[in-house]
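Required output: the full structure, derived from the provided sequences and hints.
Protein chains: 2
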Amino acid sequence: MSHEHASAAPQTPTGYRIPTTWTGDVLELDPRGTPGFEGGKAAGVDHLVAADAELDDLQERLYAQHHGNGSGRSVLLVVQGMDTSGKGGIMRHVVGAVDPQGVHITAFKAPTDEEKSHDFLWRIAPHAPAPGMIGVFDRSHYEDVLIHKVHGWADDTEIDRRYDAINAFEQELTDRGTVVVKVLLHISHAEQGKRLLERLERPDKHWKFNPADIDERQLWPAYMDATTAALSATSTEAAPWTVVPADRKWYARIAVQERLLEALRSIDPQWPAADFDVDEQLARLRATMTED
Amino acid sequence: MSHEHASAAPQTPTGYRIPTTWTGDVLELDPRGTPGFEGGKAAGVDHLVAADAELDDLQERLYAQHHGNGSGRSVLLVVQGMDTSGKGGIMRHVVGAVDPQGVHITAFKAPTDEEKSHDFLWRIAPHAPAPGMIGVFDRSHYEDVLIHKVHGWADDTEIDRRYDAINAFEQELTDRGTVVVKVLLHISHAEQGKRLLERLERPDKHWKFNPADIDERQLWPAYMDATTAALSATSTEAAPWTVVPADRKWYARIAVQERLLEALRSIDPQWPAADFDVDEQLARLRATMTED
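In order, the protein sequences belong to chains A and B. If you count the first sequence from 1, position 46 lands on 46 in this note's numbering, and the numbers rise without skipping. If you count the second sequence from 1, position 9 lands on 1009 in this note's numbering, and the numbers rise without skipping.
What the hints contain is simulated information worked out from the structure, not anything from laboratory work. A virtual CB, placed ideally from N, CA and C, is assigned to each residue, including glycine. Each statement offered as a hint is correct.
With a Cα cut of at most 25 Å, we get these calculated DMTMM-like pairs of lysine to aspartate or glutamate:
hint, chain 1, residue 1, chain 2, residue 2
1, B, 1249, A, 56
2, B, 1109, B, 1160
3, A, 205, B, 1056
4, B, 1249, B, 1198
5, B, 1205, A, 99
Which stretches of chain A does chain B cover? Using the computed rule of at least three CB atoms under 8 Å from a CB of chain B, they are:
hint, stretch
6, 95 to 103
7, 209 to 223
8, 272 to 284
Next up, the structure:
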């Protein structure tokens, strides 16, 4: 351990779990908090690396037990957050530590004309993870109840219909064996300002900046309201939300990693038994090895 | 450096480059060779990690410059090899070190009935990488000139037609801006025997074993002949082959990494210039930061 005062007790960086009965406000949750974790950045970075071995083992078992089957278990990690909240860092440092053969990331951009001509879940559903896989959504169907609500592209009745459609969709995924993990990367307005400033001040970051990012930033209070409303309406038993404080990138990463670990532990995947006679195959193999 | 006798000169693990005029035999190439690299496993592992920084930088530049455009540069890494030759380890340790947002892996399994009803490239072409991306094929259209030739599912005339179709397809990809990198992971018959034995002896590896793997192993000489023929027919200026000795997994990984690096260096991607007025956006941003 590089952090000499790190606690000896196991730590569980939980983020803020949103109960199904939640009546709070996302602005009451501290974007600089580190719930469930004592220690600073160095301890956090150690924690991320140390937990990779368990993540590896669980992911390989999930793949071994369920892939290629018509049905079976899977995990869907939905990652939402304002611009600069660190979604890319989650993909890179948490998801990127997992064997890429067992992970499928889908980044949802602004919908195409064809996608817009269908109901909002039409473009989402085909990207649900196959059995044995970890699917990751970088943005998701939640854009349709956040940006659409903020800009008034959908009225309240339509937004309510979408909440119901989302809950039904996620229940269906759960019923088919998918553990749905939803994380909101929660940054402060001040921290977003600093991160956008860095993008503007560094020529190698200009490509990540779009003038429209500032237009959206100017709507911050409306985004927070829409976020609170969406969390209240869609944190269900089947698919609860976790608000992950994200002003400290290192904390956000270990909290998302922890949720992924919990999802995999709840599946408790096992190495599948051989569907062949091991001794018979050993004998066949050894017969081919005499000439070497 | 953990390997105290490692050479101070930069090392270039090249694998065996197959010239367009090649008239050799794959069996003449040593599966335990380490062409272009002096040093053992420890030095090789160090080399893999040390080269990740350049790979990272080049990949991010490629993505920054070309993604989201209607046209632009990309890389396609085609990975072929017999069972147990280490394709999974390449995905894990070479491709897996790259930001997963910039990589798309496609694993080609036995074709479905629908896929079989089309010409062999029908299922391949849609997985060519988009601009800015690194596409990776875990097995590929080369199965259609290897397993099909070995089993006689296609006659010589048809195999020749497929070589031509492959060369035309890869030329077209190159013309559209894709650098096509093709690596054959070359293991010995003896090494495959050891690796299959490990899969049979360890219950946590049984899921990777299929009795048909031994059927294919019994056809080893025919696979080597088909490989030699495919390398001769399809190592073109546009898309040359590299035979990567793969009995030493650490060497195979640095040799594939080197080919990926060369492909990216040849593109020489640059940070794109801002398509907005930086000072104007800085002023707009700063106006939003006064309240924090």
